[in-house]
Structures are given as C-alpha cells and as structure tokens.
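Work out the full structure: start from the sequences and follow the hints.
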Amino acid sequence: MNDTDDDFLFDEPEDTALSFEKDDISKTQRKKQSTELQKIGEELLGLNKRQLEQIEVEEPLLGALREYQRIPPRHEARRRQLQYIGKLMRKANHEHIRAALEKLRAPDRQEARRSQEIERWGERLLAGDAADIEAFVEAWPAAERQNLRQLMRRCQQLSAPEEQAPARRRLFDYVKSCIN
269 MNDTDDDFLF DEPEDTALSF EKDDISKTQR KKQSTELQKI GEELLGLNKR QLEQIEVEEP
329 LLGALREYQR IPPRHEARRR QLQYIGKLMR KANHEHIRAA LEKLRAPDRQ EARRSQEIER
389 WGERLLAGDA ADIEAFVEAW PAAERQNLRQ LMRRCQQLSA PEEQAPARRR LFDYVKSCIN
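When we follow my numbering, the leftmost residue of the sequence shown carries the number 269, and every step to the right adds one.
Please note: incorrect hints may appear among the correct ones.
[To be verified] Below, computed lysine to any residue pairings styled on SDA-like, alpha-carbon distance capped at 20 Å:
#1 444 x 392
#2 371 x 306
#3 444 x 375
#4 444 x 396
#5 300 x 392
#6 300 x 347
FYI, nobody ran anything at the bench for these hints, they're computed from the structure.
Fair warning: this is a prediction, and the values are worked out from it, not measured in the lab.
Below, the structure written as structure tokens:
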C-alpha cells in the first residue's frame, strides 16, 4: 500500500459528523482536529470496560480500542491503530464522547460530600466522648456503640503516631462502612 499518513488520516465519506471538506478549512486545521480526536481516543484507551459502557461507545470504535490493547507496546501497528481510532472518532458522535469523558473526570459531588462527612465524623469521634458516640449512632443507626467505643479507646491508648495510624484507619474505615 502506497498511501501516505495524510491520505489515511483524511480518507472518509462526505456524510460524517465532522466535515473535512477542503474548501471549508485548511489542511493544518484538519490535522489539528484529527490530532484532537486521536487524543480523545487515547483517553478512551485508559478507561475500563464499565466506564466505556457508560459512555456508550459504538461497536466499530469499541472493537478498534480492543484491538489497540492487543497490539504489543512499542510496535508501529499501535501508531497506525491510533490513527484508525482517530478516523472512527470523526464518524462517531465525538461531542457526546467528549462530554461523557469530562463527566467521568470530574469527581462526583455526592461522593466528595460523603468523604468530607466521613472525615468530619472520624475526627469528631477521635476528639470526643460518649455524647459523640450517641450522636453518631443517632445519625447512623447501623453503627454499633460497642465497636465505636473499642475503636476510639484503642486510638486513645496509643501515644506514638506510628502506632496510632493503623487504629485510626480502622476507626475511619468503620465510620465509612456506617455512612452510606
């Protein structure tokens, strides 16, 4: 095959989602757009199967992503496959894919609030007393008073920070298991 890289990058039907007509934009702009779509394709390669299902990637693109993973590292075929993924990205709904990737990258606000609450309760229990245990059990009925007392007592008995760290971690893990 005697095709150049440019022929491979821009060989596509006219009815694609992203039009690369020569009259509309320059070759430099087409290459820039192709490179951007390849980068989105590279980001897709870093996702796991569950995340790809959330994005709802079309089957040809999904197959190309799987094929890329199968190719050995430091192999010229990987570069060509990545170009092919970029080509398929032009045919796919790349704006939807880009938006879904942004959503996956952004931390879930609900999960962030949950983490903050776990941290807040853990610190309060470490510094507190029986009233704090009662407040926690009232807020989170799945929690057991006895377990909390034992974990808090264990943290308070240890004086060295290196000894206290595992006990502290166990308390925070227990708090995390109670807060849903």
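Hint by hint, here is what the structure shows:
1. About 14 Å separates the Cα atoms of residue 444 and residue 392, which keeps this hinted pair within 20 Å; it holds.
2. Proposed proximity of residue 371 and residue 306 is supported: the alpha carbons are some 19 Å apart, at most 20 Å.
3. Restraint check for residue 444 and residue 375: the C-alpha separation of about 18 Å stays at or below 20 Å, so the hint holds.
4. A C-alpha spacing of about 18 Å is found between residue 444 and residue 396, which places the hinted pair at or below 20 Å, so the restraint holds.
5. Among the hinted pairs, residue 300 with residue 392 is inconsistent with the structure: their alpha-carbon atoms are about 53 Å apart, more than 20 Å.
6. With a C-alpha separation of about 17 Å, the suggested pairing of residue 300 with residue 347 holds against the 20 Å cut-off.
The structure shown violates just one earlier hint, number 5.
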